[in-house]
Structure formats: C-alpha cells, structure tokens
Amino acid sequence: MKNTLNQVFHAPKFLIGFIIFVGLMGFCLIYPFFTDKDPLEMYGNGNFFPPGTYVNQEEVTLDSGYTLNIERSAATKIASALGDNEVKGMLTYFDLTGVDYSEIDTTDKVALVELWEANYSDDYSNIKTTTSNKKLFTRIQKLVVEAQKDQGVIIAEKNEETGELEQTDKLVGTEYSNVNKLSSVITFVLGTDNFGRDVLTELVSATKASFRIGLLAGCIATTIGLLLGLLAGYVGGVVDNIITFVTNLFTVIPSFVILILISYSVGDSARGIMVVGIIIGCTSWPWTTRSVRSQVISLRNRDHVNLSKLSGHSMMRIILTDILPYIASYVVMALILQISSGILAEAQLSMIGLGPATTKQATLGLMMQWATTYFAHLNGSWWSYFPVVITIALMTFSMNLMNQGLDQVFNPQLRD
Amino acid sequence: MKNRKMNKIISVIAVAAMAMSMVAGCGSSSSSTASTDTKAETEAAADETTEEATEAADTEAAADETASSDEAATPRNETVYFAGQQWGAVNNYNPMSSNSNCWAMSQAGNCREMMYESLFMYNCLDGSVSGLLGDSYSWNDDKTVMTVTLKQDAHFSDGSAFNSADVVATWNAHKEYNSPTGASYTLYIDSIEAVDDYTVNINALLDDQGRAVNPLQIETYITAIFQMSDEYLQVVADRNNGDADAIKEDRMEDAVHSGPYSPYYASEQKLIFVRDDNYWGQSDSMWGSLPVPKYLAHVIYKDNAAGQTALQAGEVDACQQFITDVQKLWLEDGLSISTWLDEAPYGLCLSMPTIWFNCERNGLDQTAVRKAIAMATDFSQIAASAMSGQTYTFDEMPRCVANPTDAERKYIDFDQLTDLQFSGNDVDGAIALLDEAGIVDTDGDGIREYNGENLKYQAECPSGWSDWNATLEIIAAAGQKIGIDITTYFPEAASFYDDLTTCNFDIGMWTPTGAEISGLWARSAAYFSEDYAALEVNWSGNFGHYMNDEADALVKSIPYMTSDEELKEAYTTLSKIYLEEVPSFSAMYRPQAFFAANESVWTNYPAQSNSETCNIPPLVLTDGAGIEALYHLQLVEE
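So the protein sequences, as listed, match chains A and B. Numbering-wise (this note's numbering), the first sequence opens with residue 1 and increments by one. Numbering-wise (this note's numbering), the second sequence opens with residue 1001 and increments by one.
Please keep in mind that the hints were generated in silico from the structure rather than gathered at the bench. Since we're looking at a predicted model, the values are computed, not measured. Not one of these hints is a red herring.
Taking lysine-lysine and the DSSO-like style, the derived pairs with C-alpha atoms no more than 30 Å apart in a straight line are:
id, chain 1, residue 1, chain 2, residue 2
1, A, K360, B, K1456
2, A, K142, B, K1328
3, A, K181, A, K37
Distance ranges between label pairs, derived from CB positions:
id, chain 1, residue 1, chain 2, residue 2, range
4, A, I155, B, G1446, 42 to 48 Å
5, A, I186, B, E1360, 40 to 46 Å
6, A, N126, B, A1244, 55 to 61 Å
7, A, L91, B, P1075, 27 to 33 Å
8, B, K1175, A, G272, 52 to 58 Å
Reference excerpt, derived from the structure (chain A facing chain B, CB under 10 Å, subset only):
id, residue
9, S132
10, L136
11, N194
Just so you know, even glycine gets a beta-carbon here, dropped at the ideal spot from N, CA and C.
The shape of chain B in the complex, shown without the other chains:
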C-alpha cells in the first residue's frame, strides 16, 4: 500500500515536470516567432546557427565547424532568406551535371541567373527577350544562322573578360561531354563559331531540304543555357584528365562564373551565396548597380510545413511553396505577407499541369473514354479545393494549347473553339457519350467494359505533391460516377518518372513546357509530337503515345511559319484537335513558381500593383528576367 502511494506521488511529480518542460519549450519558441522586428529575427537567425553548429559538431571536426558556423551567421538585414527551392545538401555547382541540385539551377526557359548567366533573359509577362551576357541577336533570312553580339563589359568572377571564345567553349563542352541539358540541343545546333571577340554565329543543323531543323529551339538555347568560362573549363578538363563522366560530376566549388552571386557556405542545413562586388553587371550597359542583398540564404527545411512556418515567423523572405489558403496569412493572421496579386489567383499562372492518357491502354485508346473522363471531372472543385483558388477557372480562361497569357493567346481564335469546350462536372453528358459509343457495363459490376475488359485505371503522380494528389482524387471520384474505376497511385518521384517517361502508366499527371520563348510551340509538340512518342525514354512530351499525323505535321511545320495569321490558324487547328480528341487535358492553370514574400525585413518585391516592380515576373527573385527583383529590394527599416 505504501509503495502504491509512493508510486502515485512520483508519477504526479514526473507528469508535472514534463508539463513544465513543455510549457517552457513552447514559451521560448513562441516568444521568438511572434516578434517580427529585425532585432528579434537577427537573434532567431543566430539561434538557428547555434543549433546547426551543435548538430553538425557531432559529425564533423569541432575546429572546422566553428569556422563554418561563423560563415553561416550572416547579418539579417543583408540577407534574403528563401524556402522551397533547395531540399538537400548541394551535390555540385556544375551546369553540365545531371545531378546539380544547387538552388535547382535548371537550364530551362527561365533559368536561375544568380551564379551563372545565360545570354538572354525571357520575360514571361510581356514575352520580351532582353540581353544579359548577350547584347542582341538576329537571324539570317532563311533562319539557318543566328548572329549574337555579346556585352563588351561582361567579365567573369576571376576578372577575365567574357567573349566569343567562352560561348563557343560552353557549346563544345556540352556537346563533347554529352551533358544532359546542353547536349539535347545537338539535334538543332550544328556549331557555334566566333566571328570576332564579341560576335558569334550559331549555325542551325539543317534537314534534308536545307532548312534549320527547328529555329525555335535555338531561341530557347540562348535563354536557357548558362555560359561558362573557356579557361575554367580547361582547368576542369585537366584535373579530370579529360574524362567526360568525371568532368560532368566535378563539384566546381571553385567555379569561375559571370553571375552576381558566388557560393559562400553550404551544409546539410543551409546554403548561402554571397554577392560578388566586382560583378560586371553594375556597369551601365546592364543593371547600373549591384543587387541589393549581400547574401542569399536558403535554409534546408524538412518539408513544406517547416518552410511555411518559417515564412509566417519572418525567418523566410521569399517562399516558393504551395500554401493552402495563402490569403488567410494576411486577411486573418494579419501578417505582412504578400503575393503577386492581392486577389485569387494570387500568383502568375503560366503553366498547365496536364492529365495524360496512355493511348495504348485498352479503352484509353478510345476518344469517347478519354473525353468522358475529362467531361466528368469537376474542374471548379480542382480549382477551389485542390488548388485552393490559386488558379484561373476554365470559364475565365477557356482551354486550348496556349497558356493564360496574352503573349500566347493572341495565336488562338477562340470563336472557333466555343462549341468544343467542356466545362467539367458534366456526368450526364459523359455517360451519354460512353453509352453512345457502345462502351457499357454488361456484367453488372458497375464498371463499363471495352473489348470484354473492365475500364480500370490507375491515376499516377509523385507522392507528397499535395495539389496534384488531390486533383487525381477528384478525377478518380469523377471516374466512379461514370462507371470507370480509377484509383490513385502516388509512388516516389523517381519511380513515377520511370513510369511516365517509358509510357508505363494509365493516367499520369505532368506539366508540359511553361512560359518561355518558344513555349507555345514546345507545349504543342509535347501534346502531339510523334517523334517524342517514338523515343525509348521520353522526357519531352506525348507521354501517352497519341498518334495523329495531321497534328504532328502541323507541329513540324510551325517553326518555319513567319506570319501571325498562319500561326494563328495552325495553333487554332491544334487546339481543335486537342479538344475533340482529348489526348490529354489540362487540369488547372498553375503559377510557374509559387511565390509569397514576407515583408518584415525586405520590401518592394514584384507585385502587379507596384508600379516599380510590375514588369518583373514574380519568379522568386531568381529566375529569368525575375532576377531584376533583387535590384529593387528595399529594407523595411533603414
């Protein structure tokens, strides 16, 4: 009896101790997060650094760690913190690598221009192309040679001048080492040669008829591929004994680059770039000044929730993450957070996540089945719940092959498409369509059959991509209503990529090319190109192997069309085929990059209502013409 009494007393003491420690823990964290003034954030950043140092000390030598933790502690009012772009330690800083995850430096239409730079920048707001390392470009009459003149002020981080030899060396390196990003352009570019120190000719690869294979891809090349230093490429080649595989995986920590920021600190917890105060772009021929923040830092968060929490606490300034009901952050929580637009869709919707049907599967090879699924899908539900309202609806922006920008939509004659549009959630219409096509349920199990087999499909996308996962659930629910058994399947991303690129799926979700210089053509090719379908492993498009010779021929002929009327007719015809045949259908319009900014430390971010920054695309201060935002940032408290 005495023992039991003692036990009770001890247990009460233990519970009280635990409760007090929890209260103490919560108390300290809330006090550091609730405050949004600069001083508190500096302290928070210092705390964070201390934490990192403590964790890393277990694995690394203490002396090294002391040095690196000093580096990691950058002044808050000189640092812009990012979230949502870096999800692990940096593999390398090598633009030729297949695995360069450094700040996700993808070399696509809007490449990240912080460390390396492309020749030109694409502005997805107005479709304009402006010079970066390049000054201007022009085509010869038959579009077989593009002449590019270079900025004479440009130089690399080691002070060496940037000139034609570097442009040539960059191309030769991609070609020689067969890099994953650059080498794909060997299908379109024959060679790049120097005309003089500041002029290069890009010679297009010619087809049997003596025409350039695809001039649009060369225009993409000049806005997508980072230019590297000829001398530095030689250094890298020498230290790897010319071994292509070794060169492609060289870490390039000592990289000579032309961009305004250099790598400064990298660990498992944080990545920091520091401004190169000798950056060439401060000359009047480019920006006229240095970018405002001295440091760009990216804390590596565990997941979206951690990143969002940090954004709300003011520890992150620029956040590229999907945030459910983002407007609540300012409407209800009263936080100084803003997005490109103050009202839905909040971001700049440029890309079109698409549902791809595998046209080789039983049933999905039938237009009626594909169209019925698209018709029954509740798009307004996808817009409102899966996308949390951060999209245009298809009533606002009718479906076609163009994205919702005027730059692309001017090529579509919507009057011709009015009768072909499907608004969604039309279950009766979808059922009638299937019944009419003779695709009915004959064995009474509630599932329709085609060729004696049940219409049973898996809808697939990577796990954890929340808005996509929810979208596929809504499509699966639509399938149930019309007698098609669709179940969702969310494998790991790598496994999904294998399935998608080898046509080993039933229904898949993926985004074709977004807004870039030849985005409309590239997207049309992604929907219809029979060449892509013929590839064994295909990352480019037509994942479901839809074959339509008329559409394929149009896609092939568009790069040579010059008049707007001709282009309008072609893209309108493609849109008709797209709506009639439904080889795939867009599920939503989505921002090219989600972007929410916390203005407790920095302000003057890109916003449509801000006259100073309204022509800077809201691409998280880093991508394509969006890099200009870094030159307009201001401190809230100066």
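With the rest of the complex left out, here is chain A:
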C-alpha cells in the first residue's frame, strides 16, 4: 500500500493534478473564514461592477481627513476626466467646425482643453453630424467644466426649520482620506455579477456545490456501473445478456438527452444539489458498466479465481477478494472521471436553465448562464464568467491529470 502510494505520488501527472485540485479545494475551504459575505446576497445595485475596492463616499466626505501638500492639478483633473473617446470627440468637433489643431500636440490634454474652450459653442445648428456626436460634444463640455472647477466641493445640510441648505464643510483639492482609517471599505476581488452578488464568494460557494454534485454523481454512477459490471462479467449467461442489453440501450440514447428529460420532469422546485447529483449519477453509469464487465470477463478464468471456485468459496467472496482488488485501481480512475464529467454535466444543465434554483444555491453552471444572459461576454465584464470557466477547466483538468497519472502507475502497458 505504502509502495503504491509512493508510486502514485511520484507520477508527475498525478502530482500536478493533485496539487491543483487540493489547492482549489483548499482555497474554497479556507476562504469562508476570511469573509462574512453571503454568496447569494445582492450587494451591487446594478450589473457587473468591476473588480476593486469600494470606499463609502459618505464616510469619505464626513471624514476629517488629512491635508497633504499635494494638490490635484488642473492637468491631473483633466487627464482623469477625459478618456480616449473624449479626445477623439474633441478632434471630430474641431474637424467639423474647421478649427485648426495642427499647431498643438493632440496627446496634450491640457492644450486640447484650452483649444476646446476657445472654440466650443453649444449651438450645433451649423454642424452636420450625428446625434451621437452632438451628445458626445455636450458630454465633453460638461466634463471640461467639471474638471476646471477649483472652488472645491461644498457640503451642505438641510436646515430642518427653514428647509434651506446650509454649508457645513468644504472639500478642497489638498484633502485626503487614509483608506486604512475608513471603516466602510469593501473589496470585490472579482467584482459583482448581473445581480450585484460578489463573484468571488459566489464562485467559492459554487465550486463547492459543483464538486458536491460531481462527487455524488460520480459515486452513484461508479457504484451502479461497478455492481452491474461485476455481475454481468462474473455471472455471465442470461444475467450478462440482460445487463448488456440495458447498458447498450442507455449507450445508444445520448445520456444528456435523458438528463434533460429527467431534470425537466422533476420540476424546478425539486432540483437541489442532491437531486441534480442523483439525476446525473443515474444517467452516466453505462460506460463504467461496460468497462468493468470486460475487465471482469478477462479475470474470471484466471487460475486464482478457478482455485477459489474449487475451494467452494461463495460468489460474493470471490468477487470481493479475487476480482475487485484487481480492478480497484481502474474503479478509482473511473470514479475520478465520473466526478469530472458530473461537474461538466451540471454546468451544461444549469446553462440551459435545468440546474438548481438561482436563489437557493450558486453553481458554476448558473453563474455562466446569468453571465451569458446578461451579455457579459459582449460588454467586457470578463470577471463574471472568465474565473468560472477557469475554475471548471482547472477542476476537470486536474482530475484528468490525476487519472492519467494513475493510469501510468497501474496500466502495465504504459509503465516506463
């Protein structure tokens, strides 16, 4: 046993797969200790907030703060206010109104703003251009005016009696807040999804759920496959014919179709992690049965088995002691593959809306489904789907690597 384990952990493929898998699972187990976020809580009031640290603006405004002798210069304000689209819009405006900008460096935003201020007019009646351009010019002008303001931001409160606004404070360009001193700072490492849920917390919960579904499905499929394979292979005759017939039936009908039909018929309210796992497990056993059966057939006429038979051992004992140990390594490999395909099956099912309920459990497939539904792939919100894809890929890849590593150790034909 020790020797076998030693061999297994010296197989590089197994080791790499094992490290990835344990790393992933370890992170999922440890992460909840470091956060109090709920995977299903809708934090963001909007779609797909990008990754980053969010600071409460009210707290920053009320924070007494620090005065640093570093002022946000006009150039800095302009540079942060005007992006590439705005610069392009300014040049379009100059082109349309015949303003000569050949003298200035178009990468110098301050110079551009000066030229803009000298020439901009909100009367577009003489400009023949698109509505979107006119809207862009208006937006640019607003940004330029905002960026040029140097009077600071006045904080006012409403007087309860008179109902009028009274100035209580004024923020100027040299006032700073120390992020470490603020209490309402929230980090969304992977941003939020279309519902405003924290993607990382959701991803961790979903990875665990998907693994649970995969594990359950894998165990069920392997158990059914193993039992039927052992029976068919060892007993043979009519039993073998019947089991082979049923297995062939299931092999001919694509298992995913059966999976869809069963998932649909159990109804949305019944589809929790357990039920989805059981459904996947009950539809993916045939190939295990077929392979176990063929292995058992090759084993059943071996001398040691015949010896057992002559010694009068019961069928159960022969199967358990003389056959099972010889295919145990194969069964473990089959289990790993079944878990991996169970995870993929859940992702596929959830993608077409037949997985667990969105409000009750996060799963990798559901995360992908909602990201696609809200066109995350079209509007650049990579954080809502890319980490999910990577996680699914890593989980299945690591398990396949482990499987290959085990194969290298146990399959005599592949041994170096």
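With chain A's structure known, arrange chain B on it following the hints.
Showing chain B alone in chain A's frame:
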C-alpha cells in the same frame, strides 16, 4: 519509441495548424467589424449575402438562389437594417392571420405602418391622434356613432383609390372570417357603413340601456386595424373559394396595400421591404415626400447576442433589443450609438410589466400575502440590475394604474396615494404584516402556512426573457426572506401563454396594455375586469381572477365619463384599490420598444435632444406615429 516521437511531431503540427486557422479566422472577422465606414459595411453586407447564398444553395435550386441573392444585396446607403423584430422566416403578409409574423405586424395601439396602414396614428409622447388614411373623426353626442372622413389622396399600391368601400370591406372581412385581431371588436362595433365615398360611420354596438358598449374600444380600432383593399379581398376570397380558414392563412405575397413599403425579398436569413415610389403619402395632404430609405432590411439573427454584435459592428442601424448597460456602447466603447435619452432610463418608458397573483390559490387569495410579497420585493434592485437602469424607479414615478406619461398621470391625484405606496425591500414590514394576519410558520420548516398548507409558489414567465427572468429571481429572493417559498419557472413561451391565459399559474409576469389611445382604461380593465376573469381563455387581463365588484363597476362606467374631474376621481379610486389590495403589482417601467440606433450610416433618429425629431416617438422607426422617423433620416456621408 520512434512511433511516439512521430506522434508528438504530428500533434505539434496539427495544433499549430489549428491555431493558425483560428488566428486567420479571427483576423478576417475583426477587420471587417472594426471598420465603420460605409464602404466597409457595403462589403460586409456583400459578404453576408454571399454567405446566405452559399447556405441556401444546399436546399434550393441554384438558379433560383442566384436570382434571390441578387435581390438580397441592396445598397448599404439606401438600406436601413433592423434587429430584434423578426425572429424567423415570414409565414404570410396577411393582416387577418393568427400567425402573421411578418415584421411582427401586430395590430395594437401602435401598429406597424410600413406595409399596411391604419386610419389614424397614436403619438404616445403627447397623447395626440393624427390622420393617416383617415383625415378626421368625430362622435355624435351620445357616443354611439363615430364619423370618419378619409384622405382623398390615398390610394393602394396598385393605383386604385382608397375609399369608404375599403373601410367597410376590411371590417366585414374581419367579422365574416372571424379573424383573431379584428373580430374581437365585434363586441363593440355593430357595423361600419359608407356615408359617401370618403366618409364612413362606425356604429357602436349598444347595451341594454341604449349606450355604446365601449366607445374607447372604437377609438382603439381606428388606430390599430390595418385597412385592406376591397377588390383585393375579393381576389383572395375567390382564390380560396370563400373558405374562411384558407383566407386567413393566405400568404398574400401579392398583397395590395396602402403603406410606403412592399415586400421585396424574404428568406430564412433576411427580410427586405422596398419603397413604393408611387406611395400616396408623398402628397401634401400627408407627409409631402417619400420616406428616405429605399429598403428596410431585417437580418434574421439567432438570438439577442447576435443582433447586439451586429449593432456594435454597424451592420444594424435600428435595434429593438434589450442591451445590458447600453450606455457602455458609447461611454466606454466610443461607438456612434445613441438612444432616445442620453442618460438613464435611455428609452421611453411606457409599459408596466406586472406581477400577477393567482387569487384562487391558497394564500394568494389573502391580501396580506400578496402585499407582503410586493413589499419585500427589492424594486431598486430590479431597476438597477434586472433592467440595467433602463427604467424609472418607483420613487421617481410612484405606482398607480397610469403609465409614466403626463398624458395618463394627469388623471391621478397622487396626494391621496402617498400613504399607500410601498417602496419595496421592506422585509420587516412584510413580516409584521404576515404575522399580524396570523399567517405564520407553525411547523418550524421556515415556510409560513395558511390553512395548514405551506405557502409555496412558482413564479413564471417565458424562458430567455432575460430581464423578466432576473426580476422573478429577485422576487423569489424576497419570498425567501419572509418565509414564502417562491421558485422560478421559465417554460417555453407557448407553454407559459397557456398557463397565463387559463389561470393555471401561481405568480405570473405579463405586461398589460402600454401607451395607446385608450391605454389607461384598457390597463385598468386588465387589472380589475371581472368579465375578463370569466373568460375560459383570457388574453385581455385579470389573469389571476381578482374579484372586486367596486373596481369592476368603476371600470365599466369610465368609458361613459366625459369630465376630467370625474375621470380623475375614478382612476384615483382604482389606484387606491390597486395599492391596498395588490391584485397584481408593476415590477418596473419598461420602454414600449427598446431602441438603440447606430449612426455610422444613417442619422437624425428620434431623440429627445434633437429638435427636429423630439416629437416622434422612438418606436423603432416603424410603429404608430413613430413611422415619421423614416422621413427624417439622413445619410451620415452624403
């Protein structure tokens, strides 16, 4: 060993080949999509046509296909491309059909006026009604006869004059053949008769007291129903031997119609209309000119994502699709795409998708349960995430039976409703309400019971309607917080329609009448009409069979009210009942039609900031008074 080495070399070569082919593929597509100039788009359109021709050639005769692909290649600078209105090959061009999907030519309050035309057009921006085939209309004193005068310049695409006989024949055809759209008006219209060549009388059906059953529905009729040619209807009847079912399913590819566009090309991939340069509307009594684009084309996309990609690439000009964070298209991607408003809610919010409770289900027959669900629902989350900010919030536009336009809101006294409003996400309030009503969890499973049964419901809407699906998820989440087990259920649309129209649902989502000439009344009827609830199959409203005699009586009496004060009192009372009893609740305000325009080829689309087009409703250049937009379009590069 040698074999393994060979295998490795072959596999490396294979992977390299695949990678190179992918790079080559991506390279060519990005080069055609990144460019937005007209020339590139013409090329892109040509590529598209070639692709279509190649695909279709497998199924159809090569000779036919060559001819049709020539037709499908229309000049880019004469064609406006649409997305989001046509999702499959055209079934027919027949306004009497139950299955006419041609450019979704629905005959509702804002009907699509490209091929066929209605008598009048409704402008949802100011509530005005303007003439199209009709010139003017008036009621007699007791509102039993509406007299409509017709435009004398109007004629059909075959040159024959449009006159009273056509209006009469259109009505008679709908009535005789029992068409799904026109025949419902037999409940309100007794007959239409010609007074002279250009005047018709629409005689209302009278009730026991000698009053018109519902004059408002007759006003809807003149803005909703396409007028057809008397002579052509006879041709269709003759070729189908007068068989009503056959006539209703006639493809009408040779249709004689009055609108500015005729069918030009239709396949599985694309639908094209061509301008009728003999269109009557160029006379000074109507538009004074022809619509600008010669062709209107609708590529049939697989799904919203394909349509949106085409819009971003400049292959689509007018897009009627829900686009998540639409503002990113111009703010971040710098695309020349614009919407009606530059800021949220971007579109013109006119309709009110509503959550309907089945008031016959255990628990949902209790006001406390219905109201608790509504109170606990996080409406700001629905507005911000499900609707991507493309809606007003209920703080901005308080809830009532009216939609968020001044034309309807002037009939509501909001001061009387202030204390009844629920702002949402009030979980504590909802829990208190349920506890107070004695609806509590007695068996400790976390779900409250009523009559000994758990409050367990399915919230249902068609699958793939993304903003609605997300809305129901948010409502389900609210249910969990107050001990009501709500799960979402998204069946195929057809299955959902069956459930909704036969009251076989727990919680359903559907939009009552939007902005149309009698929209406020029609919506109120949809919320409260007991007559609708009595129908076996009911498409009109009150899907959850809510019975309130006071509200029903008010709905019945409103069509006869004439003074604004009287109407205001009635609609305010209905709004009170709506907020107190919560037979259903609006989840959001939604644009009547989502509309985003790409201005790389055409410009001067309807926009609130554009003085020339600010009174044209942004109904995708096609619906109701929105058709006027086609007369204002300009080419970006002329």
